[in-house]
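First to last, the sequence lines map onto chains A and B. Take any residue in the first sequence, note its place counting from 1, add 5, and you have its number in my numbering. Take any residue in the second sequence, note its place counting from 1, add 91, and you have its number in my numbering.
To be clear, the hints were calculated from the coordinates, so they are not data collected in a lab. Owing to the predicted nature of the structure, the values given are computational and were not obtained by experimental measurement. Here a beta-carbon is modelled for each residue, glycine too, at the ideal position from N, C-alpha and C. Treat the hints loosely; a few may be bogus.
Unchecked claim - Heads up, simulated PhoX-like pairs for lysine-lysine below, C-alpha to C-alpha not over 20 Å straight-line:
id, chain 1, residue 1, chain 2, residue 2
1, A, Lys82, B, Lys238
2, A, Lys137, A, Lys101
3, A, Lys75, A, Lys11
4, A, Lys134, A, Lys101
5, A, Lys267, A, Lys291
6, A, Lys174, A, Lys123
7, B, Lys400, A, Lys75
8, A, Lys101, A, Lys123
9, A, Lys75, B, Lys238
What the hints assert, rightly or not - To give an idea of the interface, some chain A residues facing chain B are shown, with a C-beta separation under 7 Å as derived from the structure:
id, residue
10, Leu58
11, Met59
12, Glu92
13, Arg108
Unchecked claim - Label pairs and their computed distance ranges (CB to CB):
id, chain 1, residue 1, chain 2, residue 2, range
14, B, Thr399, A, Arg262, 57 to 65 Å
15, A, Arg181, B, Leu204, 50 to 58 Å
16, B, Ile124, A, Pro170, 51 to 59 Å
17, B, Leu122, A, Lys26, 55 to 63 Å
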Amino acid sequence: MESIMKLQHVNKTIGSHHVIKDLSFDIYPGEVFGFLGPNGAGKTTTIRMMVGLMSMSSGDIVIAGHSIHKGRNEAMKHIGAIVENPEMYPFMSGWKNLVHFARMAEDVTTERIQEVVKLVGLENRINDKVHKYSLGMRQRLGIAQALLHRPSVLILDEPTNGLDPSGMKEIRAYIRKLAKVENVAVIVSSHILSEMEMMCDRIGVIHNGELINIQTVEEAIADAEMEVTIEATPLAVVERVLQEEVEHVLTKNDTCRIVLEKERIPEVTTKLVENNVNIYSIYTQKKTLEDQFLQVIGDGVIE
Amino acid sequence: MVSLSRLIQNEWMKLFQQRSTWIMIILFACLIIGYALFMTTDFSPSNEYGEDWKQQLQQENEEMRSDMEDMPATANYMGDQIRLNEYRIQNNIAPDGFSGWNFVQENRMFVALISLFTIIIAAGSIANEFRWGSIKLLLIRPVSRTKILASKFITVLLFAIMMLAGLFLLSMALGALMFGIGTWTEPYLFIQNGEVKEMTIMGYSLMQYGFSSVNLLMMVTFAFMISAVFRNSALAIGTAIFLMMTGNSIVTFFSDKEWAKYILFANTDLNQFVMGTPMIEDLTMSFSISVLAVYFVVFLAASWLVFTKRDVAST
Chain A
6 MESIMKLQHV NKTIGSHHVI KDLSFDIYPG EVFGFLGPNG AGKTTTIRMM
56 VGLMSMSSGD IVIAGHSIHK GRNEAMKHIG AIVENPEMYP FMSGWKNLVH
106 FARMAEDVTT ERIQEVVKLV GLENRINDKV HKYSLGMRQR LGIAQALLHR
156 PSVLILDEPT NGLDPSGMKE IRAYIRKLAK VENVAVIVSS HILSEMEMMC
206 DRIGVIHNGE LINIQTVEEA IADAEMEVTI EATPLAVVER VLQEEVEHVL
256 TKNDTCRIVL EKERIPEVTT KLVENNVNIY SIYTQKKTLE DQFLQVIGDG
306 VIE
Chain B
92 MVSLSRLIQN EWMKLFQQRS TWIMIILFAC LIIGYALFMT TDFSPSNEYG
142 EDWKQQLQQE NEEMRSDMED MPATANYMGD QIRLNEYRIQ NNIAPDGFSG
192 WNFVQENRMF VALISLFTII IAAGSIANEF RWGSIKLLLI RPVSRTKILA
242 SKFITVLLFA IMMLAGLFLL SMALGALMFG IGTWTEPYLF IQNGEVKEMT
292 IMGYSLMQYG FSSVNLLMMV TFAFMISAVF RNSALAIGTA IFLMMTGNSI
342 VTFFSDKEWA KYILFANTDL NQFVMGTPMI EDLTMSFSIS VLAVYFVVFL
392 AASWLVFTKR DVAST
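Construct the entire structure; sequences and hints are all you get.
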C-alpha cells in the first residue's frame, strides 16, 4: 500500500539539544497510528514539524507526494490537526470559528460546516461563544475545524485529554470510524498506553527523540514475553538451572519467577525435568503493553 | 489559492468580534461629539467681523505693528498675521470667524488618539494569536505565512483609514450642524516661505489630515513589528506610545549631531515643509519621504523575517 505520509530522516536541533534524532516512518491511509512516548520525548515537536509549525534541521516530510519543504501549501491541504490543546478564538461563537477556518481552505461550503458540526454533536451549542464551552466541547470543536476540508491525514495531539469516560469512548469510536470508512490516516499522540491499545492499529514509541519501536498492536500483544512462575522442589536446584537460562530469577515463597518468550517454555521445562526436580505447577502470565512500554523506555528519565 | 481578501475578511471579523474594538470606537465618537458641544457652549467665537471688516483688519494691523516694536520676539508671528490681513484686504476675502471648517481642522488633534487605538490593535494582531494559542491553528492551513502577515497588516491599516474617514466626516457633519459650513470652496490662507498662499479649505483640511497620518502610519508599523518580533502586545504598545510621545524631544536632544536628520521623528512632520521651517535646517520634503520609506521597509522586513522564519514552539 502507498503511504500517505513519509518521515525521512527527520532531525531537529534546538540550541545544542538534538531533540529529534533521525526519525523515519510511514503512515498509511485508513490506519490509526499511535504516537507514544513519555512527556518530553519529542511527540509534540514531531507533530509540529509535520504540520509546518516548526522547521526541520534536516530530513523531509512528504505528505500525499508533496514535500513540506518545497510544496508546503499543497502538503497542508491534506492535513487537519489539533496541536496540543484546541485553542480557538474565545470571543467568537463556535460557528464563527469554523467559518474562519473554512475561509482558509478551498471549497468548504456552509453545508459542509453544518455537516461537520453535526458529526461532532455540537448543533445545540454552536452559536455560543467558545469561552462558555467545556473542555470536552472545545475538543469537539477542535476536531470539527480539523475535518472541515476533508483531510487525508488527521493529526490529533492527546485527543481524549479532558474528556469524561463517555466522551473518550465516543471520540475513540469516531476516530476508528473515520479511518475505516473515510480511509483517513489518523495520527494520535498520547502518553497513556491503555488508550492507545484500544484505538490504534500501529504504535510507534518515541523516547528521547528516537523512534525505538514501531509495530502493530496485534504483533505487540503476540510478541509479548511471558512471566513464568514455577513451583518446584528442591528450590536451590531450580534456581541454579534457571540461572543458566535467564538473567534474573526471582525466588519467593517456594516459587521461582522468570521472564521468558513463549517458545522457550518447553525447552526450560525439559531442562528442569532433566535435573530431577519435582514440578508442582508452571503458570504463565502475559506482560501487558504497558509493562513492555516501561521496559523499552527504561527508567523514563528524560535526557 | 486562498485569496488575500478572504484572509482580510477573517481578520476584520476577529477585530469586530472583540468588545474592546467597539469600546474604542464608541469612546472616540463620544469624545468628538462632546468636544463639539463644549465648543458651542464655552467658546462662542468673540471677534466677529461685520460689514466693515476691512477697517477692522487695518486697525488690527496697526495695533500689531506697534506691538511688534514693544515685543520684538513676536515679530515673526505678527509679521505673518499682518501679511495675511493685507492679502485679505487686497483680494477682498472676508475673514469668516469660527466656522465648521475650523472645527474640522481643530479635530486633527484626535488623529493622535486614532494612532493610539490603531497601535493597540496592531500590537495585538500577532501577539494575541500567540496568547490565545490560536496561532497553531492559523499557521497549519494551506496559506503562506507571508500572506497571513500581509492580511493582518492590511487590516490594521484599514482600521486606521476607517477611523480617519470617520473622524473627518463626523467632524464635518458636527461642524456643519453646530457652526455652519459656508461654502465648500472657502479659501484658506497661509504663509509659505514668506509668501501668502491660497488653498480651498477642504483641500487644506484633507492635506493636514494626511500629514498627521504619516506619524500614525510609522508608529503603527513600528508596533506591528514589535508585536511580530517579541509576540508581546504590552511591549509593543508601551514602546510605540513612548516613542510617539518622546519623538520630538529625542530629535531636539540630538539636533546638533550630524546624523540627527536620519532620526525617524525628524522626518515624520511633513507639514514643516509646507507650513513652516523644518526642525533641522537641511531637511527637504523628498529627503524626509525617502527616510520614512526606508524605516517603513525596515519595520515590515523585520516583521516578515521573524514571522515567517521562526518556529512556533510550545507556548
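Broken hints, by number: none
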